[in-house]
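Each residue of the sequence shown is one higher than the one before, starting from 107 at the first, in our numbering.
No wet-lab data here; the hints were simulated from the structure. Any given hint could be a false lead.
As the list claims (entries may be wrong) - Each pair of labels, with its calculated beta carbon distance range:
{"#": "1", "residue 1": "R184", "residue 2": "L222", "range": "27 to 37 Å"}
{"#": "2", "residue 1": "I254", "residue 2": "R184", "range": "28 to 38 Å"}
{"#": "3", "residue 1": "D234", "residue 2": "S185", "range": "46 to 56 Å"}
{"#": "4", "residue 1": "I138", "residue 2": "E252", "range": "51 to 61 Å"}
{"#": "5", "residue 1": "R203", "residue 2": "R245", "range": "33 to 43 Å"}
Each residue gets a CB set at the ideal place from its N, CA and C atoms; glycine is no exception.
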Amino acid sequence: MPERPLDGIHIAESPDAEQPIARASAQSTAFIGRTLRGPVNRPVTVRSFADYQQIFGGLWQPSPLSYAVEHFFEQGGRSAIIVRVVNGAAPATISLRCAHETLTLEALAPGTREFLRASIDYDNIAVDDEERFNLVVQRVRSPGSERIEE
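Produce the complete structure using the sequences and hints provided.
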């Protein structure tokens, strides 16, 4: 190869330069983006797409992250680090009246795709026991739905 003199730059080739660059291991990769639910701004390691679905909610068309994670595991990935980000969202809250007090429940993390219903009852509690109540929280298919998710 003809050499051209360059001011202040010295070009040298070594015998190792002809060897190909080793392929990086794809066993663990990080993904950052929006998900249906899950912890916010905190890295969470998942070892399968089923783990991802359990924590972050599965495939979601508005965000390519879920599809990227699915493809990663389909191609043999073994461990993914997921960081969920949100844009100014706040956890949902609901206030329930119980006796003379108000019980306020706050979601663990922000998200608009988690449909929960909460209620208070006094089944199997003595009438004179004012300190106890039953809190029932259910995941439903959509707002106002009677169909309960497993």
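Hint check:
no. : hint                    : verdict
1   : R184 / L222: 27 to 37 Å : holds, 33 Å
2   : I254 / R184: 28 to 38 Å : holds, 34 Å
3   : D234 / S185: 46 to 56 Å : holds, 55 Å
4   : I138 / E252: 51 to 61 Å : violated, 37 Å
5   : R203 / R245: 33 to 43 Å : violated, 22 Å
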